[in-house]
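Whenever a hint applies, use it, and build me the whole structure from the sequences.
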Amino acid sequence: MNKNYVNLDVNPCKMCMPMGGSLAFKGIENSMILMHGSQGCSTYIRRHIATHYNEPIDIASTSLSENGTIYGGAKNLKHGIMNVMESYSPKVIGVLTTCLAETIGEDIRGIIEEFKQKKDISCLDIIPVSTPGYGASHFEGYYHTIRNIISFYNEKQAIPNEKINIIVSNITSADIREIKRIIELFQVEYVLIPDTSETLDAPYKENFTKIPDGGTSIEDIKQMSGAKATIELSVLIDDIYSPGKYLEDLHQVPLYQCPIPIGMKNVDSFIKALCTITGREIPVSLVEERGRMLDAIVDSHKYNGEGRAAIYGDPEIVYAVTTLCNENGIKPMIVASGSKSYKIRDLLKLNESVVIPDTDFETIHKYVKELKPNLLIGNSEGKFIKEKEGTDLVRIGFPIHDHIGAQRKLYVGYNGSLRFLDEITNTLLDIKHHGYRERLYNEFYVNKGGNKNAQL
Amino acid sequence: MKKSVEAYTLEDRKKHIVVKEKNKEQGIKCDQHSISGAVSQRACVYCGARVVLNPITDAVHIIHGPIGCSSYTWDIRGSLSSDSEMYRNSFSTDLQERDIIFGGEKKLAGAIDEIVESMSPQTIFVYSTCVVGVIGDDLDAVCKQAEKKYNIRVIPVKSSGFAGSKKDGYQAACNAIISLMDDKEYKIDIKDHRTLNYLGDFNLAGEVWILNNYFKEIGVNMITGVTGDSTIEKLKKAQNASFNIVQCAGSSIYLAKMMEERFKIPYEQVSFFGIQDTANSLLNVARLTGDKKIIRDTEVFIKQKKADIASILQKYKEKCAGKKVAIYVGGGFKAISLIKQFNELGMTTVMVGTQTGRQEEYDTIKELAEEGTVILDDTNPTELQKFIKEKGADLLVGGVKERPLAYKLGIAFIDHNHERKLPLLGFEGAVNFAKEVDLTVNSPVWNLVREG
Ligand code: SF4
Ligand code: SF4
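Top line first, the protein sequences correspond to chains A and B.
Using my numbering, the letters of the first sequence map in sequence onto residues 939 to 1394.
Using my numbering, the letters of the second sequence map in sequence onto residues 75 to 526.
It is worth saying that the hints were derived from the structure and are not from the lab.
Each residue gets a CB set at the ideal place from its N, CA and C atoms; glycine is no exception.
There may be inaccurate statements among the hints.
Said to hold, decoys possible - Just a few of them, taken from the derived set where beta-carbon distance is under 8 angstroms, the chain B residues facing chain A:
#, residue
1, V113
2, V205
3, L479
Spelled out as structure tokens, the structure:
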């Protein structure tokens, strides 16, 4: 059983599709999001993202009311687009549907077409993406939206070029900066999507702009169908949602799917893909970084050997973290995700661990009580278990609401993996050191009769 | 200043903005559905219902709908409990595509069965979300059937997000509570004139407890907070109070009115934010008991409390006076008490807005505000940014979504929302509040920011 209850999800370990869609659009240059549905969804999603990134997150809503729900929301949608144009003047508006819009059967494409015929909006692209919250989780919504953005601009195949497409999963802004650095070491041109390295981690400026600088540019996206190859940092997403698969099937762009480069082997496969595509050797500096990581994991292997982890969150992150743990002798006792990525079982082939996709925190909690791991690795939603069981939590993924700076933490590449591993190791060391004098005193002294033998 | 509103782009929004001028009738457009595409900071009906009901600690709260609505609201509020922790769980029917097509009633009934079997709760609240309102699930019927089957209360809360605003959610919640309270078994015949219920406080950071400590000192008896740190049983006993006091009127005034009608319990509005309001409200409570001794004790108590904190508050006042404040909060009640509280610290409010303020509340705000103050209803980031800059505010008070905006604009920020972990109520709260203001307004980081 994946969940303790059949008809209920208790304490969700997933979010809804438009959340994934929003995170994807946040990495597109000069874009704004308009959610078609009722007001609450957009506000909740904004709040959830803003608390993680500590950045203003503006997402408009068409604020459907009872009338709009009964008679259709075309008027609201058109009006909403106008208002967003007026107050934000974006180059792109991503229109994401919510459960409500989908349930009442809104034809957003049709409405947008109608709108375009009446209004001259030649300098604005409106990209409709269907993301019903009940359809799938934020995980699928994220890739599905990237796929739609790419296909929007690549109906016609672009002129063949030498660029490499990099499709990243929902990783931190610092991670994206690191991936760019690594690619740049190979001296190749690339298009990285969605690029949240600046948009969701913007420097302080004297003149604040409502739409942050940065993001993948439209010009770049338009060239993706002519690229030399695609590297998609995902091994678990279904083909129907995969942007790389779209580019391969429709535009014959060769696809390399690698896990998020966290952990020695996962970074290796990313680097190997880059070598294969570019025909270049591994840059010297990366060889050094790898050597340093190897040196460090030897230093910490005995401490890590005492780790027993419960890993949860987005499937891709969970997969990468689990391989990192395996490499270092940290036992993955529980490997869990709220999304339905059953593929993870086949890929990980872990016979001694509980691997549960499509689950909730209530169930994860039950297994934590049963198997007593000494580490939780995942997003801040595990705080409940941490609080109740007193298990230490090493944070990675989205959302992280109880700590600051989630967007600038580095996890990928040899450098990032090492930093993250050190964080795990040090947590284990703290556990070990905490109260060990007292523990040993109790175990070997007090319980064995104290100083009786000294009474001569 | 007037011009600046006129120059503002979104036509539909202009009537929701007023710049105070003395001796002039100025109405503000409020209590309207949000404008499409305007990036309102509001949530939804369901959110309102959850605010009011969720602090009932021993109830099971089932969100009937797709997962998002439940995911984003799981244990996000700072309501504390002295008893059960049941309310901190988020139960969702996690509706899938097939449920949307074939209906979700079966799943909901199954969910209730499972919960009753595993935790045997006395009361279950079932919230409807947007799609449930559309696919036509008969919530009432499912709940009624479950009530019969298990002999417990299963109360439907009609909170489909699109059907109104947060306020309608408050109302739905109040309806649910009154249906729960109306239990003859718990009725006693002779009421004690010293007993009251405290409505419209959700025990954020233990605020109900703070107030209850005051009540113990002055000799009045609180049956329960509504709904802060309440249980099903306490709520059923609430009908025995001699009077009700209402803190957050926006959310709980309907309930007060219904309780007056049904149980003949009169009510009075109070506010325990800020020293002056706290003192006045405590005296008011004492007078409502009609008990001379209590009134005398209360006077002494207030004097003592004020004296205890006077010097420390004076210290903060010296450090904060003269700063300019922008306020953007959920309800009008909160905005009003904040203006007063900043006055106590010698600070001026230059901008004030609410998500769902009522006309009367906007009138009071206008009265309290100084000439030129910008008053906003259901505003958005564009307007916040514009007016904060124009009015030269040093500090913004708001919720989680507004915080990053304040920081990007290089000004101080105070959280005054349901997630707070620091009590801001009563005498202790007034000190905390001043301390918070000082912490942010006088932080050395602003020197670096200004130097660029
Ligand atoms: S699950 Fe659906 S209704 Fe709920 S927040 Fe997500 S989009 Fe909105
Ligand atoms: S679906 Fe409706 S009830 Fe749920 S968050 Fe959105 S607006 Fe609120």
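Hint by hint, here is what the structure shows:
| no. | hint | verdict |
| --- | --- | --- |
| 1 | V113 | holds, 5 angstroms |
| 2 | V205 | holds, 5 angstroms |
| 3 | L479 | holds, 4 angstroms |
When held up to the earlier numbered hints, the structure conflicts with none and fits them all.
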